[in-house]
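As you go down the protein sequences, you meet chains A and C in turn.
Its first residue numbered 1, the first sequence is counted upward by one per residue in my numbering.
Its first residue numbered 1, the second sequence is counted upward by one per residue in my numbering.
Honestly, I wouldn't trust all of these hints.
The list cannot tell twin chains apart, which means a pair is met if one copy fits it or any two copies do.
With a straight-line cut-off of 20 Å between C-alpha atoms, the simulated SDA-like cross-links for lysine to any residue are [to be verified]:
(1) K145 with R217
(2) K145 with M1
(3) K33 with F325
(4) K41 with E107
(5) K271 with R341
(6) K288 with G182
(7) K288 with T104
(8) K328 with E15
(9) K337 with A264
(10) K271 with A16
(11) K33 with A212
(12) K271 with S196
(13) K288 with E233
(14) K288 with A264
(15) K328 with P293
(16) K271 with A24
Treat the hints as calculated values from the structure; they're not laboratory data.
2 protein chains.
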Amino acid sequence: MITRKEVAKLAGVSEATVSRVFNAIGPMKEETKQRVLLAAKELNYHPNAIAQSFARRRSGNLGVVLPYLPKVHLFSAYYFSEILSGIGEQIRQHGFDMLLMLLTPEESMDYARLYRSKKVDACVILGSKDTPEQRRSLQQLQEQKLPFCLVNQHFEGLDFNEVDADHVQGSYLAVRHLLDEGYRDIAFLNGSAEYSNSKDRLKGYQKAMGEADNPVRPEWLLEGNYSRKSGYEAASRLIVKPSGAGVDAVFAANDRMAIGLQQALRERGIKAGRDIGLVGCDDSDAAKLSDPPLTSIYVPFFEMGKRAAQGMLEQVEKSTPGSSFQIKLPTQLVVRKSSIRGEIQQ
Amino acid sequence: MITRKEVAKLAGVSEATVSRVFNAIGPMKEETKQRVLLAAKELNYHPNAIAQSFARRRSGNLGVVLPYLPKVHLFSAYYFSEILSGIGEQIRQHGFDMLLMLLTPEESMDYARLYRSKKVDACVILGSKDTPEQRRSLQQLQEQKLPFCLVNQHFEGLDFNEVDADHVQGSYLAVRHLLDEGYRDIAFLNGSAEYSNSKDRLKGYQKAMGEADNPVRPEWLLEGNYSRKSGYEAASRLIVKPSGAGVDAVFAANDRMAIGLQQALRERGIKAGRDIGLVGCDDSDAAKLSDPPLTSIYVPFFEMGKRAAQGMLEQVEKSTPGSSFQIKLPTQLVVRKSSIRGEIQQ
DNA sequence: TTGTAGGCGTTATCAG
DNA sequence: CTGATAACGCCTACAA
């Protein structure tokens, strides 16, 4: 391995000077600089990142925490891959790297552990839930001034760094759209309230229904776990209009549940976009793949990942935690055939 | 930060002894060990991973290389998330971490760069293509004895570490199934030949057709780029039987193209599973979500990631490159409605 | 079974 | 503008 020492010798300067050149520190003679650069190129020298991390006491790594649930697909791959890409985009501009940490539920009881080994300078935490243990664990992080940022999750009453989407608005848009299309009896298939975005969506749903003077009947509120299967199963708890006094539309809290529901209904001869209005959420690939294509709420996951990473990198580089930030990005309604009356004939 | 020194002092031993306890090296008195452990716990000591890496000249990181194509979705999120999970599963057993590296096409011209900074000990490379530049870059890696493993990609004539699936077999199973269902004029929507698995699938297709004495007509061979859109567009280059002397079935090289094709055909009133037999590949989420559900070829991506990581970790730990390995895992046919005759009535 | 001491490749401080 | 030199926290012969 080529080290600084050899470059220094070849260039006829001290090791310190080599470092100065590579870190662009202090004033230096242009000629010296060129000599060092030339020597470095000749030897194919590259600074050892580990040694740098060691000396700087900074890893240059941003930890990305994902829930590790092999064979359990509560989160869609789309969701994570968008956020990861956003983080990646931000990171490359800062010369940081991304350390992926897949944590089982037990492991995520102790986030501080991740920092203790000093392999990451900050973390972006994805897929976290609001449970007492998580709250405790995250509060410990904050007390120890370890920088972290949550994505798509809000902890009420606590002052964490968060990048969220405006799910109240998104949900409102969805339900509002269904109402505009003339649907009245609109069920809401939500996810667990341990995710703040579930609670937010409930608010948006209630707001839209309230504004339309459309009282919500308790049997219209269903809960799944964000998996396709749970959407499929929810169909059995749902009475749809044609077959009686049921609902004529459904807003589902993500696309996967919406599609599961759609599949189950189809097996009963009920077709989204013809017999029932259906809106999903996330505007994932799946929404475009489904038949009929699924109206959905676009959530800017890519941008959310990017902003979260940005916030963390800034904190690390200024090495001042500073005041915490809460960012909330807008969502958008994307209309497709599953929710439009009269678009689909047979 | 608590260091080894403080633990040593509190336990009344030398620093070396603390290291020995934490690395379980050499024989030691049980009592000494306990004393050290107790002191460590009292101080909440955790070894500094960066310092360890520095001293051991090993990062303890496995690099995972992904193509960085923001906003271009040639690869499905499913594909990567399965492989990543597999790698993650393997890695946690070895105490390694995963460094995610998103590389633009230009950056992947020089893989060696990734190792130079010493942030990774080995790499698993995903989504690579067989181009002259890639070959060159990978060969350089090999010459420098930098350990790496390709997943789902084979470089003919070169002796790289590879974990692949048996795509010849998968494709054979798919076409064989269509033939068994009574389809005869079977088109093949393939991806770019820069991916070895595309070439493999062509072989499987030809083999099955050949065995059935079913000569392949050139207009049955279509090419897309693995995106849904390209599948959609391929429909315009396809003549389907009901409307003349066209094909009565299609095997697509991945699910996304299959579904894009399915969508385009449906717009023309041609329904998979009723008017045409359709088989995809990957058995991704999308196959289950589509309507009708898509018959597909299961590819063990999770296991492939796991095996690739395993191979790399073993090489790193033995620190002997040894002989290279080529692993090829079997695929499976998963039959759903899109390919079964007479299942769908209207 | 345990201690001593040199080294890993940088950064960063302090003289000059 | 540049050169010494002390950290940084740990690993690992070698000695005892």
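Quick rundown of the hints versus the structure:
no. : hint           : verdict
1   : K145 with R217 : neither (46 Å within a copy, 67 Å between copies)
2   : K145 with M1   : between (37 Å within a copy, 13 Å between copies)
3   : K33 with F325  : neither (41 Å within a copy, 45 Å between copies)
4   : K41 with E107  : between (45 Å within a copy, 18 Å between copies)
5   : K271 with R341 : within (12 Å within a copy, 23 Å between copies)
6   : K288 with G182 : neither (24 Å within a copy, 31 Å between copies)
7   : K288 with T104 : neither (32 Å within a copy, 27 Å between copies)
8   : K328 with E15  : neither (47 Å within a copy, 49 Å between copies)
9   : K337 with A264 : both (18 Å within a copy, 15 Å between copies)
10  : K271 with A16  : neither (72 Å within a copy, 71 Å between copies)
11  : K33 with A212  : neither (71 Å within a copy, 71 Å between copies)
12  : K271 with S196 : neither (31 Å within a copy, 41 Å between copies)
13  : K288 with E233 : between (22 Å within a copy, 15 Å between copies)
14  : K288 with A264 : both (18 Å within a copy, 12 Å between copies)
15  : K328 with P293 : neither (28 Å within a copy, 37 Å between copies)
16  : K271 with A24  : neither (64 Å within a copy, 64 Å between copies)
Going down the numbered hints, you'll see the structure goes against 1, 3, 6, 7, 8, 10, 11, 12, 15, 16, while the others check out.
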